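> Read off the chains here:
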Amino acid sequence: MATAVLTTLDPKSRAASRGMSDLAIRNLFIIPTILFLIIFNIFPLLYSLGYSFTDFRASGTGQTNFVGLQNYRTLLNDPFIWNNFAITAKYVIVSVVGQVLVGFGTAMLLNRSIPFKGLLTTLLLLPMMLSMAVVGLFWKLLYDPSFGIINYALGLGTFEWLSNPSMALYAVAITDIWMWSPFVMLLSLAGLSAVPKHLYEAAAIDRAGPFYTFFRITLPLVAPILMIAIIFRTMEAFKTFDLAYVLTSQPTTELISIRLYKMAFQEWQTGLSCAFAYIVLIMVLAITNIYVKYLNKVKER
Amino acid sequence: MRKRLTGLLAGIGLSLACSTSVFAQELTIFWAEWDPANYLQELANEYEKETGVKVTVETTPWADFQTKAFTEFNAKGSAYDMVVGDSQWIGAASEAGHYVDLTEFFNKHKLNETMAPATVKYYAEYPSNSGKYWSVPAEGDAVGWSYRKDWFEDPKEMEAFKAKYGYDLAPPKTWKELRDIAEFFHRPDEKRYGIAIYTDNSYDGLVMGVENAIFSYGGELGDYATYKVDGIINSEKNVKALEVYKELYKFTPPGWAKTFFVENNQAITENLAAMSMNYFAFFPALVNEASNPNAKVTGFFANPAGPDGDQYAALGGQGISIVSYSENQEEAFKFLEWFVKDETQKKWADLGGYTCNKSVLESAEFQNATPYNKAFYDTMFKVKDFWATPEYAELLIQMNQRIYPYITGDQGTAKEALDNLAADWNATFKKYNRVQN
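Same order as they appear, the protein sequences are chains F and V. Quick note, the first sequence lines up with residues 1 to 301 if you use the numbering used here. Quick note, the second sequence lines up with residues 1001 to 1437 if you use the numbering used here.
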C-alpha cells in the first residue's frame, strides 16, 4: 500500500507538471514531519527518561546527581500519589461510562428520520467545540451554590457541588460528560447508520424483540467504532487537567496531571516529575493496549 | 527553488536578529495582574516624562505569576528587566542567581533606615540576618479586615449581641470576639453569613489565612534560621489557632472552599458576609462606590490579637528585583535610584501604591488619606511571613495538603494535621541538607 502511494504520482498532476519526482514529493512532506517528530517528541521523551533517574531541578544551579531508581521509589511509596491515581481511576470510569451511556443513547435517538435532524445533530455537537478552560469557567458559575442555575432549576437550595469533597469529582465528571458525550454520539451515529437495514428487516420477520435486536445486531456491529471512541475518551480523561484545575481545588479532585503540574512547575522537582510522567505514560500505554487487543477481537467477529 | 528557500531563511534570520536587538531606552517590569500594577505603570509614565526611558509593566494573573516568572528565569530569558516578585521567592531566586545582588545599592541609599523594618526583612534580605539584599521593597502589604458598619451599628443587632455575648458589638479586638461576631451574623436562612476567609489551596491563599491565626496565637511556622520545626509548627498554640480557623469556616457563605481575594471582596460587595479577610491592596476597590455599592458602610480593622495579646498579620507584598539575565541592568539601576527617592515614594503612595517608605507611612497626610491607611500603618510594623527558602513551594504544597482536608473536609484533627506537616517538612529539609539543630 505504502509503496503504491509512493510510486504512482499522477502524471497529469500539477506536481508532476512542475517536474517534481515522487522522491521529491516524499522528501518535501515526509522528512519534515519525521524531523519534527524526532525533535519535538522523541528527543524530549528520551531526554526526560534520562532526567527521571536524576535529582535535576530546572530552577536550580546545583549539581545534578544520578540517583538511580530513587525517584520511582519515592513516588510509588508516597500515599498522596497513590491517592491521586485512585482519584484519576474513579474519574476516568465515571466520566467515560457516563459519556458512552449518554452519547450512545443520543445516537440511538437520532438514528431515525426526524425533522431537523441535521440541525439537531450540529447543535448537539456544540459543547465539544468549546475550550476546556471556558467550559470550566462557566460551569463553575452554573454550579455556584448562591446564584447558580443548576441548584435553582433542580430546587437544591444551596447544595455545594464543588466545595463538597465527596461531590466535587462527580461535578467535574458531569461537566466532562456534558462536553464529550457529543463526540461518542458522533462516532456511534456513524456506526449505527452503517448497520445494514436488511438485518433489522430479517429480525422483524423473525419477531425478534427490541432488546434481542439491540444486543444481537446493533451493539455487535457498532462495537468496533464505539471502542475507538472509548479509547480516545479514556486517554483524554486520564490526562484531564484544565477542567478540574479551573473548577475546583479540592484534594479529592487532584488528578495525576494536576499533581504532576504542581511537581514540575511549582516545586520545580524536574527529575522527580519526569519519573512521574513516565509512570503515567506506562499506565496509559498498558490500558490502551488492553483496549486495542479487545478491539481487534471485536473486529474479528 | 533552493534560491527561494535560502532567501526565505535569510529573511527569517534577519527578522529574528532584529527583534532580539534591544533598545536600551526601554525597560520591562513583570508583575501580577492587579490594581497596584496599574498604579506602578502610571508612576513609570512619570519616569518616562522625566528621562525619556519607556517603562512597561507587564502583568499576568496571580495564579500563573509564579510559574511564568520562574519559567522565564530558568530559561535565563531576558524578557523582563525587573520583576516585582513575591516575598517568599527571594530564597529560590537569589540562590539560583536569578536576581542581581542589590546589597551595595541598598547600603548606598540607606534603605535599611528609610524603609519599614519588616519590609526590609521579608522582601529584601536573604538569608535572614545576612545583610545581603536582593530587592527594593516596593508594595507593602498585609492582611487586614473589612466589615459592614451598617450591620454592626444597627441598634437591634447591638442589643441582641450584648444580650447573647455580654459585651458590646464592635470591630473585634481579639480572635475570640472575631469568632463570636462571625457566629452571631451567620444566618443562612436570611442568606447572610458570618465571615469570609481565605480557603484557596492552589497557591498561598489558605496558608496565609491560617498564618493570621497562628501568628496572633503566638505561634510560628518554624525557626527560619535553624530549620527546626518539631514542637514549633505543631505547638499547642498552633493547634488552637488551626482549630479556630476551622471553626470560622463554619460561618462562611456556602461553597466557600476555593476563595481568595476576589471572592472575599465579593463577600462585602454582594452582602454575603459581615466581615471579610483581605489584603490591604484590595481595599481601594471597597471604598470606591463604582465597585462596591456598600462603600459608604464598609469599615476596616487590623487583624485582631490572640488569647495572649500577640497581634501579627500575614505579610503580602513584594519588592522590585533586577533580573540577572536582563540586558539593561544599568538602566534598571537608574530606575530604582529614582524609585527610592522620597518624592517618588510619596507619588507612589498618592497613586494608590502601598509605599514601604517609613517617612511617608508616618506622615499624617498618608494615614488620613483613606479609611484603611491607619490600619495599614499599624499592621506593617507587626507582620510575619512564610518560609523563604528555595524549596518554599514544596513546603507550601505540603501545608495545603495537610490542612485543607482538615479545614474544609472535616478530616482528622488539628493536631494530626500539624504533626503530619512537621514530618513532611522535616523530610523536605533533610532532602535539601538544611541544618536542623
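It is worth saying that the hints were derived from the structure and are not from the lab. Computed from a predicted model, the values in this text were never measured in an experiment. It cannot be assumed that every hint is accurate.
What the hints assert, rightly or not - Here are the simulated DSSO-like pairs of lysine-lysine, each with C-alpha atoms no more than 30 Å apart in a straight line:
#, chain 1, residue 1, chain 2, residue 2
1, V, K1250, F, K140
2, V, K1246, F, K140
3, V, K1164, V, K1228
4, V, K1110, V, K1346
5, V, K1156, V, K1246
6, V, K1156, V, K1173
7, V, K1068, F, K140
8, V, K1173, V, K1296
9, V, K1054, V, K1076
10, F, K90, V, K1341
11, V, K1121, V, K1347
12, V, K1341, V, K1054
13, F, K90, V, K1121
14, V, K1132, V, K1149
15, V, K1415, V, K1228
16, V, K1346, V, K1296
17, V, K1191, F, K140
18, V, K1240, V, K1430
19, V, K1191, V, K1228
20, V, K1068, F, K239
21, V, K1358, V, K1374
As the list claims (entries may be wrong) - Non-contacting residues of chain V with respect to chain F, defined by C-beta distances greater than 12 Å in every case (computed):
#, residue
22, S1078
23, K1110
24, R1179
25, Y1224
26, P1293
27, G1299
Glycine is no exception: its CB is placed at the ideal position from the N, C-alpha and C atoms.
> All hints, please: hold or fail.
Consistency of the hints with the structure:
{"no.": "1", "hint": "V:K1250 to F:K140", "result": "22 Å, holds"}
{"no.": "2", "hint": "V:K1246 to F:K140", "result": "24 Å, holds"}
{"no.": "3", "hint": "V:K1164 to V:K1228", "result": "43 Å, violated"}
{"no.": "4", "hint": "V:K1110 to V:K1346", "result": "17 Å, holds"}
{"no.": "5", "hint": "V:K1156 to V:K1246", "result": "29 Å, holds"}
{"no.": "6", "hint": "V:K1156 to V:K1173", "result": "22 Å, holds"}
{"no.": "7", "hint": "V:K1068 to F:K140", "result": "25 Å, holds"}
{"no.": "8", "hint": "V:K1173 to V:K1296", "result": "22 Å, holds"}
{"no.": "9", "hint": "V:K1054 to V:K1076", "result": "23 Å, holds"}
{"no.": "10", "hint": "F:K90 to V:K1341", "result": "59 Å, violated"}
{"no.": "11", "hint": "V:K1121 to V:K1347", "result": "24 Å, holds"}
{"no.": "12", "hint": "V:K1341 to V:K1054", "result": "19 Å, holds"}
{"no.": "13", "hint": "F:K90 to V:K1121", "result": "47 Å, violated"}
{"no.": "14", "hint": "V:K1132 to V:K1149", "result": "45 Å, violated"}
{"no.": "15", "hint": "V:K1415 to V:K1228", "result": "18 Å, holds"}
{"no.": "16", "hint": "V:K1346 to V:K1296", "result": "26 Å, holds"}
{"no.": "17", "hint": "V:K1191 to F:K140", "result": "20 Å, holds"}
{"no.": "18", "hint": "V:K1240 to V:K1430", "result": "28 Å, holds"}
{"no.": "19", "hint": "V:K1191 to V:K1228", "result": "45 Å, violated"}
{"no.": "20", "hint": "V:K1068 to F:K239", "result": "22 Å, holds"}
{"no.": "21", "hint": "V:K1358 to V:K1374", "result": "13 Å, holds"}
{"no.": "22", "hint": "S1078", "result": "17 Å, holds"}
{"no.": "23", "hint": "K1110", "result": "31 Å, holds"}
{"no.": "24", "hint": "R1179", "result": "21 Å, holds"}
{"no.": "25", "hint": "Y1224", "result": "19 Å, holds"}
{"no.": "26", "hint": "P1293", "result": "16 Å, holds"}
{"no.": "27", "hint": "G1299", "result": "24 Å, holds"}
Figure legend: structure checked against the earlier numbered hints; hints not met, in rising order: 3, 10, 13, 14, 19.
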